[in-house]
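Read top to bottom, the protein sequences are chains A, B and C.
Per the numbering used here, the first sequence starts with residue 146, numbered consecutively.
Per the numbering used here, the second sequence starts with residue 342, numbered consecutively.
Per the numbering used here, the third sequence starts with residue 181, numbered consecutively.
Hints in this document: simulated from the structure, not taken from any laboratory.
We treat Cβ as the ideally placed atom computed from N, Cα and C, and that holds for glycine.
Keep in mind that the hints are not guaranteed to be accurate.
In silico DSBU-like cross-links for lysine-lysine, where the CA-CA straight-line distance does not exceed 30 Å [claimed, not checked]: (1) B:Lys405 <-> A:Lys412; (2) A:Lys190 <-> A:Lys266; (3) A:Lys414 <-> B:Lys405; (4) A:Lys276 <-> A:Lys451.
Here are a few chain B residues that face chain C, going by a calculated C-beta distance under 10 Å [said to hold, decoys possible]: (5) Leu386; (6) Leu387; (7) Ser391; (8) Leu393; (9) Ser459; (10) Thr495; (11) Phe573; (12) Leu584; (13) Val595; (14) Leu606.
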Amino acid sequence: MPARIIAVLATILAIGLAAPASAQGVTLDFPSWQAEEPGFAEWWKGLIGEYEGRHPGVKVKLYSIPFANYVNQLTVRFAGQNPPDIVHLPSRNFASFASQQWLEPIDDLLKASDIGSTWSKMQTEMSWNGKTYGVLLLPYGNLLYYNEKLLQDAGAKVPTTPAEWLDAIARTTNREKGQFGLVTTTAEHPNMFIDAATWVLGEKQDWLKGSKYNFTDPGVVAAMDQFRKSLTYAPPGTNSASARQLFIDGKAAFLRDGPWVWATLQKAKPETRPMLKMAQLPFPVITGGASNSLHIPARLEAQKKKLVWEFIALAASPAWQEKYVQLTGSPAGRMGVIGPEQAKKNPHLSAITLAAEKAENLFPMQPALRENYNEFATLFSRAVVRMQSSSQPTDAILANLQKELTAAIPLP
Amino acid sequence: MTRSRQWLLALAALAVAAVVLFPIYWMLLTSMLPSELTRSRDPVLLPRLSALSLDAFAAVLARKPVLTWLANSGIVTVGATFISLVISTLAGYSLSRFKSRAQQGAGFVLLVSKMLPSSLIVIPFFIGFSTFGLIDSRWGLIVANAAVGVPFATWLMKGFFDGIPRELELAAMLDGCSGMQAVWYVVLPLSKPGLAACGIYLAIVTWSDFVFARTLVTSPDRWVLTVGMQSFLGEYLVDWSSLMAVGALSLAPVFVLFLLLEPFLVSGMTQGAVAN
Amino acid sequence: MIGRSRWVGYALLSPALLAVGFLILYPLYLVVATSFRQGKTLNVLRLSELPFGLANYRTILASDATWHSVAVTIVYLLGTIGPAFLIGLGAALLLNRTFPGRRWLRSFILLPWAVPGVIVSIVFLWLLDGSFGVVNALLRQAGWLATDLAWFAHDDTALAAVIVPTVWKAYPFFTLTLLAALQAIPASLYEAARVDGATSWQRFRYITWPGIRPSATLAAILNTLWALREFDIIYLTTGGGPDRATETLAVRIYQEAFAFFRMGTASTLGVLTMTIAVLLVLMSMRTIRREYF
Chain A
146 MPARIIAVLA TILAIGLAAP ASAQGVTLDF PSWQAEEPGF AEWWKGLIGE
196 YEGRHPGVKV KLYSIPFANY VNQLTVRFAG QNPPDIVHLP SRNFASFASQ
246 QWLEPIDDLL KASDIGSTWS KMQTEMSWNG KTYGVLLLPY GNLLYYNEKL
296 LQDAGAKVPT TPAEWLDAIA RTTNREKGQF GLVTTTAEHP NMFIDAATWV
346 LGEKQDWLKG SKYNFTDPGV VAAMDQFRKS LTYAPPGTNS ASARQLFIDG
396 KAAFLRDGPW VWATLQKAKP ETRPMLKMAQ LPFPVITGGA SNSLHIPARL
446 EAQKKKLVWE FIALAASPAW QEKYVQLTGS PAGRMGVIGP EQAKKNPHLS
496 AITLAAEKAE NLFPMQPALR ENYNEFATLF SRAVVRMQSS SQPTDAILAN
546 LQKELTAAIP LP
Chain B
342 MTRSRQWLLA LAALAVAAVV LFPIYWMLLT SMLPSELTRS RDPVLLPRLS
392 ALSLDAFAAV LARKPVLTWL ANSGIVTVGA TFISLVISTL AGYSLSRFKS
442 RAQQGAGFVL LVSKMLPSSL IVIPFFIGFS TFGLIDSRWG LIVANAAVGV
492 PFATWLMKGF FDGIPRELEL AAMLDGCSGM QAVWYVVLPL SKPGLAACGI
542 YLAIVTWSDF VFARTLVTSP DRWVLTVGMQ SFLGEYLVDW SSLMAVGALS
592 LAPVFVLFLL LEPFLVSGMT QGAVAN
Chain C
181 MIGRSRWVGY ALLSPALLAV GFLILYPLYL VVATSFRQGK TLNVLRLSEL
231 PFGLANYRTI LASDATWHSV AVTIVYLLGT IGPAFLIGLG AALLLNRTFP
281 GRRWLRSFIL LPWAVPGVIV SIVFLWLLDG SFGVVNALLR QAGWLATDLA
331 WFAHDDTALA AVIVPTVWKA YPFFTLTLLA ALQAIPASLY EAARVDGATS
381 WQRFRYITWP GIRPSATLAA ILNTLWALRE FDIIYLTTGG GPDRATETLA
431 VRIYQEAFAF FRMGTASTLG VLTMTIAVLL VLMSMRTIRR EYF
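In isolation and in its complexed conformation, chain A is listed as follows:
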């Protein structure tokens, strides 16, 4: 009897572990958080389809790793010397990877292409230590999404100044009904830096004046105070995914986010969808930056490196860049891909392009901060959490943050 059980178990194991016959040709490993994101998934799959058609015998294995975990996962893989073949990174983390010498410089490959002259100005952010390491996919400016019906019901209008925005947020909040004026990241997360930047850099205040920490500047404190006030109208303990979900469910009046949310709005219920609209942020300065980019891992064998570059080049081609804007509703790296008829058919594209062109980069460019972006954003987000849960005055919290940053990431 025991012998029979063992035999059965062994058979199950053998069947389960039987490796499928290894595919002929090359497989390019390509994890991405966008593999299932509305709009982006279609673009990637289309691109892969054409690429595989042009390269018989080569397969691109695209699969999803959720964004919250993405950078950590990739870090472990690079650390264990098992990086993906096609490296897709949130651009804010690119510098830390480059500083570990995990990415391949591509200056010579870029020279042979037309990317240098036709690309968005934010492509310069793909440089580290004098070399270029990647191709920018999505330069963006932040946008204001709002629920028209909730605004009308509360007698608020689409804001054009920060003060009007705060007023509208206050008016449209009604917790008893489960309705929030603003949804944003309220659970501790590095993204809080981006939310705060909207308010502070948007008001032309500079917290890194002349490459020195400047968090105690009265202008910065005043702007952060407004940001802090806005958080009191948002549901507590929310992350960015919950925030988007609440907005799509029609439970929130305002959402600040990037152009990628446009494609997600299609997932709203038919009765809610018409109410959800997009506008420019009500600030003198629109914040934005390089969102994500493609890279090649260092020390990749020559044949694979050539294949990966051809994939990136195809993605950068005018045809696919145009499809990028069409399918994702986000600005593409290549400039001028939206023709006039396109703009007429899809008015939201003009709004998105305008935001991207006007946007000022919100991510810090000092090398020390680029290299240690995670730590910087983490310390910053802890300060934001303190603003939410304590009654300490804003200037005290920011003074403390300044002290922590100066100790953790000294600026030359």
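On the provided structure of chain A, position chains B and C as indicated by the hints.
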């Protein structure tokens, strides 16, 4: 004890079970209700049966390869449990029957093995497995989980073997059995509760493993349930009904296993306690 | 043993020794070795390029953040093991009696132990959701809560909020071991005590407690070591926040290694964690010796 007293105790136990299992109840309820009803300020604790539906389950099964994840979890669990049981039974028997200095070391090793933070173990494992080509393979997970389970399982099995008198083996060998035959035909059948207890413990620990599974396996077609579940958490949008549905699906197999085999676990631990 | 050489014994032990050697001693060695390498890198295979020295230890031991994590860890340990033990003991005493339906109710009461950490986190994230969670709804109905309390995102409540699911997952282990120990106590002892007129408290103190104390201590040690390493529940619910309120040593180690790319200091924290674990074990050495080999 009077009959009414017994019913009182049963009631008390029922109350405890109800409180303790409320989170599971809530998870099941959320998975069977549409999100408007659950994402409300006044959720209903006992909804009408007509409001329940299995839509979230159908949606989840269609959208994500949950069955693949289930199969992978099953393969890894069966493999790791089996290998670990074999290794631990041999080792437990050795420690029980062959008194030596290895014993003190063994207890020490067990404790030390429980002191290593998993975040730190992960990278050495990753490097070691890379060298042997075990990355992104279910074999790698099986080996990792089996190894991690060996210390505690060995200790458990040693306890059982201590409780089985050596005279039984001696008698069998005097009757003409070889050493191994004595073990196979006499000792092992008696230690079935111990094997069952060890087996359940190993199965539950392997089924729940998350850190190894997430680090050592990258291809989605080799993901296990815990990794698949966690992929829901970071998603672009969060839908509690689907989330709870996947949770319920992940729990079902291990719950069934546990409910069926739990008596062995208790009796096994009891015998071990008596022996010690 | 007749006809059995000692080598058979070692042969039987060898697969286990192999498993333990490669897969526990090797990481242990790597962790300790890395802790002496200064500098910022995640390239573990090129660690020998980094300078060798005690700088990591100096940084870690002098840093406030380290001792904050130690304090959080201690509160977390006491907060989980204490209640888990009491609940586990209560359940064990209850389940030691005979009553109808005991077999099934016992299975149900032990069930939380079988729930994977990932699922525990997800379920409690939903239960304790600030705006739509059922716990808040119940508290609001009872009149004890006026505002929306995001349990995991508020630094006053976050530590308590991660302790609850940990206790939920930990108490069945106590129930299991204590139940086994209780069943080993001969019923005749209780009979004799009852005849002598002892109260139930006296019976507990003089018969039950001495009988279960070794198992209780061992279970407490093992559970404490488990809680010391526990990562999944905290990481998936609060990530160590808000504002480091739930940043135990285990979470801090993960952050140092994977968020800030500092394997050296992460390993040093790992050595610190293991030192604490060793101290805890030494403190209860005598009882363990009796329980162990």
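- Item | Hint numbers contradicted by this structure | Of the numbered hints, 6, 7 and 8 do not hold.
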